[in-house]
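Asker: Residues per chain are reported as follows:
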Amino acid sequence: MPSNYRSFRKSVPWLILFLETVFIILFYFSFQRYDALIRNISYTDFQDVNNMVIFGFGFFLAFLKRYSFSSTGFNLLIIVLGVQCSILMEGLLVLLQEPNKHDPKIITMAAVSMTAVAISSGAVLGKTNPLQLIVMTVVEIIIFHVSRWINKRFLQVPDNISMKHVHLFGAYFGLAVSSRFAEPSPRSEKNASTPKSDLLSMLGTLFLWVFWPSFNSVLAYGDKTKAIYNTYFALAVSAVTAFTLSVLTTKDGKFRMTHVHSAALAGGVTVCYTAESIDYPWIAMILGLLASVITILGSFCLQRCLNPALKIHDASGVHFTFGLPGLLGAVAQVVLLVIKKWTVLPSLGYMVMIYIGAFCLTISVALITGFITGLILNFKLLKIIPVSKYFEDQFYWEFPHLAVGF
Amino acid sequence: MPSNYRSFRKSVPWLILFLETVFIILFYFSFQRYDALIRNISYTDFQDVNNMVIFGFGFFLAFLKRYSFSSTGFNLLIIVLGVQCSILMEGLLVLLQEPNKHDPKIITMAAVSMTAVAISSGAVLGKTNPLQLIVMTVVEIIIFHVSRWINKRFLQVPDNISMKHVHLFGAYFGLAVSSRFAEPSPRSEKNASTPKSDLLSMLGTLFLWVFWPSFNSVLAYGDKTKAIYNTYFALAVSAVTAFTLSVLTTKDGKFRMTHVHSAALAGGVTVCYTAESIDYPWIAMILGLLASVITILGSFCLQRCLNPALKIHDASGVHFTFGLPGLLGAVAQVVLLVIKKWTVLPSLGYMVMIYIGAFCLTISVALITGFITGLILNFKLLKIIPVSKYFEDQFYWEFPHLAVGF
Amino acid sequence: MPSNYRSFRKSVPWLILFLETVFIILFYFSFQRYDALIRNISYTDFQDVNNMVIFGFGFFLAFLKRYSFSSTGFNLLIIVLGVQCSILMEGLLVLLQEPNKHDPKIITMAAVSMTAVAISSGAVLGKTNPLQLIVMTVVEIIIFHVSRWINKRFLQVPDNISMKHVHLFGAYFGLAVSSRFAEPSPRSEKNASTPKSDLLSMLGTLFLWVFWPSFNSVLAYGDKTKAIYNTYFALAVSAVTAFTLSVLTTKDGKFRMTHVHSAALAGGVTVCYTAESIDYPWIAMILGLLASVITILGSFCLQRCLNPALKIHDASGVHFTFGLPGLLGAVAQVVLLVIKKWTVLPSLGYMVMIYIGAFCLTISVALITGFITGLILNFKLLKIIPVSKYFEDQFYWEFPHLAVGF
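Protein chains in written order, with full-length UniProt numbering: chain A, 1 to 406; chain B, 1 to 406; chain C, 1 to 406.
It is worth saying that the hints were derived from the structure and are not from the lab. There may be inaccurate statements among the hints.
Heads up, the list lumps identical chains together, so a pair's fine if it works in one copy or across two of them.
[Said to hold, decoys possible] Using 25 Å as the maximum straight-line C-alpha spacing, the simulated SDA-like pairs for lysine to any residue come out as follows: (1) K380 with F31; (2) K380 with V139; (3) K251 with K389; (4) K380 with S11; (5) K389 with T258; (6) K251 with P13; (7) K311 with L361; (8) K10 with Q394; (9) K190 with E398; (10) K10 with L248; (11) K224 with S42; (12) K190 with Q394; (13) K254 with I368; (14) K254 with A192; (15) K10 with I286; (16) K105 with P158; (17) K389 with V135; (18) K65 with R39; (19) K65 with Q303; (20) K251 with S388; (21) K10 with N191.
Only chain A is shown next, with the shape it has when bound in the complex (with noise of 0.2 Å):
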């Protein structure tokens, strides 16, 4: 197919060129007084956060037998791309709202937002052309940025909070996009792991897990210490869990690795609302209990009825890896502040329908946006790519190793 190669050269560069020329355009006008910008910022928290979306999820992703290196190249490029983007809104919006007010954590909270993009293109993943992927990713920054200032404008919810949304947020906008695209046959041999990317895809996680309670911690606005450790509870409790569910679920009563990677970190996901306000440890690791249980369960459930029926072809799991585990997360933050401020506050259930509304309209806005942006990705001009030629590092990458035993 050498007339679509060379439309690729025609369209990837320059459109790259062009987000560059505009991000460093953009860059000369807003930061102007770059001390302003990374003033007291904690290099420690964004160095791990960093660690995470360039390291952990490139190898999370990097499961599938051929697709390591679009898994791993891509993710960077995107979270390289995205972040600018991210820099630019993060500081559009805090000039919009508070013009003499600067944060210090602008350059760590666009890292953060990062997280949705890299989990956005998890459900997509290798059904998309980088051209797709890179006005996907500018397309769900921009609209997570809003979405963050719709609930800080009209719900009063301030930014940690609403910055906790990014995993329901990535998630629900990866799979709307997803369903406008076709699903990958089901015979597919290419929409498969080995043992070796499973492998590699093992040690993503593994790193993601020993720096999750780092990424809660940036998140949490009062405790950071409490919020690291009832991460790590919660997270060792869904380990755990994830190991006792996968036995029961299976056939033969054997581990999945699948299980492993997603429910593993599924205690992470869901103690994320609450890290910092949780005062006993063992609520922590109930939590983590219950997000790997929803975890397997919703894996078990989704793959079998509901993806199915809805068309919704979820490459990498996200579903139920981060958008189940997160809303979990969102509803034990509303249980838990009933429980906590039943006698104290009149006013409880105002916040409560406060909370409820804000990731209500999070999961909307992501699904609604998330499913144009499908159809927007759908255009001829972004070259879609056919589905026989899904899951396929050769269409992208050059290959001048035979590429015999891969």
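Based on these hints, arrange chains B and C on the given structure of chain A.
Answerer: Positioned in the frame of chain A, the structure of chains B and C alone reads:
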């Protein structure tokens, strides 16, 4: 063997769920004051130790051809399960001893003590099913803490010193357990590595190598900076020496990868005991050199003479990677103490006896209880696996992918 | 070739032991005051640099099909050997210059200067035996420190600036050494990568990418925070640009993995010189963009024109990965200085001359001494390996595993 699989389903999940329930209940009663548990804790220390036990050991043990899923997966399982047990035991012992004092390092120390479990699991790598591993983990953690308590109660050995026996305890406990398992057939094809799996193990080794100074600094009660750089020097010299001795001891005068894996880390194990008290880098360097020598000579002698005689099959060479260097470190500690306090202390003899007593006691406890644990693990109830299924991922994990090329 | 193997046994171990003995003796005499060596040192900085040189470069260079053991193993060997030599040289130079001053960063700086060795070893990757590598390491480290001393003594270039030439020195020293080695046959099957080994190299690259901001902040003498974020912006833009230019320069309009590997890091190398003095992110971003352009165009031109003409075989492309971006960074430093101090300083011309003199001097020293070192390394005594054994792990390492599928 479908009947066997079904029976795994009947045992593993329920054991894990039972343990998790017990842990959550005990956490409920033990840590009402969460703040005390995490006050003043250093997250960097905790994170580095976690990086080592979860990521580092997971891949360090992934050198077997067909056992990389189990190496990384089961390592995650037993570490996250064991760490909860360990936190409870630490909390209990602190409570027993000084009800009013709170050690801010309980969680970090619990993670450190998981090294013992990771090392022991290395000794029986490929020969135990998850059921046996879980039982071994819980038993080992409890005994390790009891052994530390005996050390403290009867020999007045401070907590930090007794924690330094973690490598020794892990190695000898694992060896004693291993002696109760049937030896694999020497012609077993599966008890071998491939270049790829050796490289994965190198990845784990380099990760452990880089983080080892953090590990020793966590255990240091005095000058943490000194502990870090002494460890670094010892590690550097032991890595260099590893290459030297590997060429000298192999048949063709080539390097052997497993020599590099073991001996590069030996310096860190040896210097653990004395890292914070060594005043000159050259002493640390000489200790690193000796550690490497003892490891490679040990690997040469043990595998040829001692192990066949005692019918011990040491799957990943923990005896010479952690056991012998640990022993050397314990002796070096006594020697350095004698040299340092020759003139100062009249009660030197008494102190020397205490130090020697402490590590002899630890090793004895490890050997005896390890032997008993080995006997327990071979109860029919725990579904011992046949020798033909040793070192075999497919016995435990789903392999939807054809295992060709694995 | 059994006679050859036996002779490795007669040389490598004794050379290493001799060097270690010398190092230990020199440490004995040099660092009586250990505290001075490690006082006020930042462990985080040291650990990040170590992560990069041990883990990052080890895997960055592991892209050759049959040379991954040697890439990671020998990298460990020369780094840990070289760092001891480097600490001694740093200590000696500090002593020569200011006997009463103690630089608390000696150890960290020693680790930083190992980057030069890692880069040079990349230029001769697969063509040198361990004997040659060890000699090259020791010679290079000594010359690098002497070159820095000349820079300081005769051009009054401060230590931090001269340390920033580390990439330039490493690249041009390595290229000059490489020019003295026989070229591999262009049809050599072994001088190639596989998808798996490219992915391993991607792992190393992503690791280096994430830690590069730390590296530049260690070298910054002024505002470390600025250095970190300028580096980050430069890296982000250079990674994005790498994808653009890769599509534009390859035959089919596809991405080339090696382009991504080199160009993603180029921004970090370029911005190294100016990271702490750039006041606006957009300048760092433009530098990152230029770095990526020069790297990919360089890779295009050098491999087609210059290298064949000069008969240089640059095994891992260090010329365009570290050499050209380093050159660009050094020029950018001068240009930014001129722009910044245009009106302020009458002695601007003098300063510009010093800066230009410094990097010209460094490159000249690197090229000349590298050339001489290349000649020395080809002495018969050092057992030069035949071209047919280039890029071959099995020449140095035991392969008990059948090498099938490797």
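Asker: Looking at the structure, which of the earlier hints fail to hold?
Answerer: 1, 13, 18 and 21
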